[in-house]
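Student: Residue-level listing of the chains:
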Amino acid sequence: MKLIDALELLKKPVAKGARSFHVILACGFTPLHFQTFLAAELQERLPGRRVLIETGLFGDLAGNIERLQTIAADAFAVLIEWSDLDPRLGIRGLGGWRPSSLEDIARSTERSVLRLQHALGCAAQRLPTVVCMPTLPFPPLFWTAPDQAGSIELQLHKVAAALAATLTEEPGIRIANMQLLDEVSPLSGRYDVKSDVVAGFPYRLPHASAVASLMSGMIERTQPKRGLITDLDDTLWEGILGEVDVDGISWNMESHTHMHGLYQQFVASLAGAGVLVAVASKNDSALVDRAFARSDLLLPRSDIFPIEAHWSRKSESVRRILDTWNVNADSVVFVDDSPMEVAEVKEAFPDVECIVFPKGDYQGIFDLLKRLRALFGKSFLTEDDALRLKSIRNSGNWRDSGEPESGSSDDLLRTAEASIVFSQTRQGEDAREFELVNKTNQFNLNGRRFGEQEWRSFKSDSGAFVLSVSYKDKFGPLGTIALMLGRAEGRVIHLSAWVMSCRAFSRRIEYQCLKHLFETFGADEIAFDYCETPRNGPLREFFVQSFETVPIPSFRLTNEQFSSKVPPLYHFVEVKCSV
Amino acid sequence: MSENESRLIRCFGSVFPSLTEDEIRAASDDATGSWDSLTSVTLAAVIQEEFSMEIAPEDLPELHSFAAFRSFVHRINPAGE
Chain A
1 MKLIDALELL
11 KKPVAKGARS
21 FHVILACGFT
31 PLHFQTFLAA
41 ELQERLPGRR
51 VLIETGLFGD
61 LAGNIERLQT
71 IAADAFAVLI
81 EWSDLDPRLG
91 IRGLGGWRPS
101 SLEDIARSTE
111 RSVLRLQHAL
121 GCAAQRLPTV
131 VCMPTLPFPP
141 LFWTAPDQAG
151 SIELQLHKVA
161 AALAATLTEE
171 PGIRIANMQL
181 LDEVSPLSGR
191 YDVKSDVVAG
201 FPYRLPHASA
211 VASLMSGMIE
221 RTQPKRGLIT
231 DLDDTLWEGI
241 LGEVDVDGIS
251 WNMESHTHMH
261 GLYQQFVASL
271 AGAGVLVAVA
281 SKNDSALVDR
291 AFARSDLLLP
301 RSDIFPIEAH
311 WSRKSESVRR
321 ILDTWNVNAD
331 SVVFVDDSPM
341 EVAEVKEAFP
351 DVECIVFPKG
361 DYQGIFDLLK
371 RLRALFGKSF
381 LTEDDALRLK
391 SIRNSGNWRD
401 SGEPESGSSD
411 DLLRTAEASI
421 VFSQTRQGED
431 AREFELVNKT
441 NQFNLNGRRF
451 GEQEWRSFKS
461 DSGAFVLSVS
471 YKDKFGPLGT
481 IALMLGRAEG
491 RVIHLSAWVM
501 SCRAFSRRIE
511 YQCLKHLFET
521 FGADEIAFDY
531 CETPRNGPLR
541 EFFVQSFETV
551 PIPSFRLTNE
561 QFSSKVPPLY
571 HFVEVKCSV
Chain B
580 MSENESRLIR
590 CFGSVFPSLT
600 EDEIRAASDD
610 ATGSWDSLTS
620 VTLAAVIQEE
630 FSMEIAPEDL
640 PELHSFAAFR
650 SFVHRINPAG
660 E
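Chains as they are written, first to last, in the numbering used here: chain A, 1 to 579; chain B, 580 to 660.
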């Protein structure tokens with residue numbers, strides 16, 4: 001982004017009454033154009049919000065972090081440069097670069113790092129915090145020739161890297177990825193000496209823009225994709241199964257097909273991180289079964305569900321996979337080596353991210369892996385990520401047991417050995433809860449999404465409750481599948497958010513949720529902060545079919561109404577923390 | 580209007596969003612209330628980026644009006660006139 005584009009973007013009017021999105025920016029230099037770029041990048045990501053950025057004092061990074069963290073805001077952005085760790089590592093101070101000073105610079109840097117570590121740890125407890133470690137080159141203060149790294153120079157890098165590594169262990173902190181920054185903003189094009197000396201702003205404009213883009217992406221992250229549908233022949237492996245048979249397909253160095261092995265390894269890593277993986281292949285299904293029996297595959301059969309191998313159109317396979325996963329098309333990526341197949345799927349599902357697998361192109365395949373990492377990358381892994389595929393398979397078992405999706409029979413429910421745990425986790429981070437409330441669409445009371453800071457505020461509100469619901473039965477665990485947020489006022493519960501994963505449908509968990517609320521709070525009524533969304537039809541249907549109530553904003557359900565309609569519930573219920 | 584002037588007006592417009600085109604042509608640090616040291620630095624950065632040129636710190640105090648910037652740009656980039 002150019003500076004003029006950033007300024008023009010910020011000129012555009014924001015809707016009247018738009019909520020503000022308040023970011024605290026802490027750095028040791030004059031934020032000047034960086035502030036403009038950061039505001040513009042965030043404004044672009046948050047068109048319905050009014051982005052406001054507050055900054056601190058020049059030359060006092062640690063002090064700024066300590067002071068600014070007390071301000072109420074949505075996020076905290078921190079830029080560290082070498083001169084913040086010791087002014088002699090910049091060029092605005094004249095503190096001396098004699099070889100005899102270098103040890104002292106290293107010691108003082110370590111002291112600064114300790115102070116920063118403490119300040120950032122405190123800040124992260126109050127606000128979601130993103131940190132960018134030093135991006136600028138050292139000035140020529142070391143006595144070694146430029147092509148030789150000196151001991152002190154390496155020590156300084158080590159201290160900074162150790163700080164970054166320690167900070168990543170803090171749940172509320174995200175660290176900017178320097179490898180990505182190196183790609184988009186080469187080191188030689190970052191430092192503006194004149195601007196540093198004259199204005200106290202050390203970044204060239206393209207570098208300021210690149211850092212702002214990186215940090216805004218961490219502050220306001222787009223939802224990662226949830227599922228990958230991949231082709232087999234000339235994609236997951238090299239060769240056409242129907243032509244060369246099982247032993248003819250390959251993914252190894254000897255056959256010059258190693259990049260397919262790399263793709264398998266990558267897809268297996270996605271599966272391990274909770275990404276759903278399915279296959280859509282025009283193939284003979286028996287042959288495919290035999291291919292997946294090969295022990296040298298890097299992506300085992302158990303990581304894939306379902307496999308659609310037949311001669312129907314690819315879009316038909318994609319439709320069936322989306323149904324099985326019960327996810328929206330816009331959260332799925334489709335990869336196939338045939339541009340024609342890709343076009344056919346894209347036409348049927350415009351929201352699916354469709355990518356042609358660049359077979360035979362080493363660099364192209366490597367770039368594809370990087371692109372997929374960008375599409376699927378997430379900020380944290382949760383225990384539920386490991387459960388996702390298993391629970392979808394279990395849903396298949398549940399369906400295979402002969403029960404219709406809606407209204408599972410009492411026999412099945414009675415013998416399912418189902419147990420539900422209600423937990424209240426007011427303190428600390430729970431990544432799964434945050435993820436669930438922000439990505440559930442179908443069984444969702446109002447589609448309300450939470451920013452990180454908003455979520456933290458809600459959880460710390462002593463008058464509010466946040467109940468998470470986890471479930472398991474004899475088919476396996478589903479993990480944390482529902483969440484209820486609200487407050488009890490007298491004998492009325494005001495439910496401001498209620499979400500349940502579509503994996504948990506047909507188990508009467510939603511009834512158990514309401515029963516738990518009535519019983520735990522001794523309530524006569526629940527008032528629902530309902531809002532119809534384009535996708536929350538399943539929640540609406542639940543109220544219509546179960547209680548003959550068409551939900552409208554602020555509708556209420558009495559305990560009497562509930563008790564007269566609730567079907568038999570067979571779950572074993574455990575409450576981990578009473579409200 | 581020359582190409583230089585049109586681009587310069589866009590630069591000024593991005594830094595002084597409330598000014599009309601005529602007001603931009605008449606803009607100066609004396610006459611334009613929102614023109615302060617910070618906007619001077621921002622204006623210089625936008626113009627340097629837009630015209631791919633360097634403005635030396637010692638030239639900055641002379642660039643106190645739209646007319647002064649127009650002359651400066653003309654000197655550096657006569658082809659845009």
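For the record, the hints were derived by calculation from the structure and aren't laboratory data. The beta carbon of each residue, even a glycine, is placed where N, CA and C say it ideally should be. Misleading hints may appear alongside valid ones.
Listed next, with one range per pair, are the computed distances between beta-carbon atoms [claimed, not checked]:
1) Leu617/B <-> Ser554/A: 41 to 49 Å
2) Asp60/A <-> Ser619/B: 45 to 53 Å
3) Asp609/B <-> Thr166/A: 20 to 28 Å
4) Thr166/A <-> Pro657/B: 50 to 58 Å
5) Ser619/B <-> Ser379/A: 22 to 30 Å
6) Gly96/A <-> Leu617/B: 47 to 55 Å
7) Leu617/B <-> Tyr362/A: 45 to 53 Å
8) Ser496/A <-> Thr618/B: 39 to 47 Å
9) Gln125/A <-> Ser619/B: 23 to 31 Å
To spell it out: a stretch of chain B is covered by chain A in this simulated footprint if at least three of its residues, at any positions, have a beta carbon under 8 Å from a beta carbon of chain A; those stretches are [stated by the list, open to error]:
10) 623-630
11) 640-650
Student: Give a verdict on every hint.
Tutor: These are the hints, each one checked on the structure:
| no. | hint | verdict |
| --- | --- | --- |
| 1 | Leu617/B <-> Ser554/A: 41 to 49 Å | 48 Å, holds |
| 2 | Asp60/A <-> Ser619/B: 45 to 53 Å | 25 Å, violated |
| 3 | Asp609/B <-> Thr166/A: 20 to 28 Å | 53 Å, violated |
| 4 | Thr166/A <-> Pro657/B: 50 to 58 Å | 56 Å, holds |
| 5 | Ser619/B <-> Ser379/A: 22 to 30 Å | 40 Å, violated |
| 6 | Gly96/A <-> Leu617/B: 47 to 55 Å | 32 Å, violated |
| 7 | Leu617/B <-> Tyr362/A: 45 to 53 Å | 50 Å, holds |
| 8 | Ser496/A <-> Thr618/B: 39 to 47 Å | 44 Å, holds |
| 9 | Gln125/A <-> Ser619/B: 23 to 31 Å | 40 Å, violated |
| 10 | 623-630 | holds (count 4) |
| 11 | 640-650 | violated (count 0) |
Hint violations for this structure: numbers 2, 3, 5, 6, 9, 11, all remaining hints satisfied.
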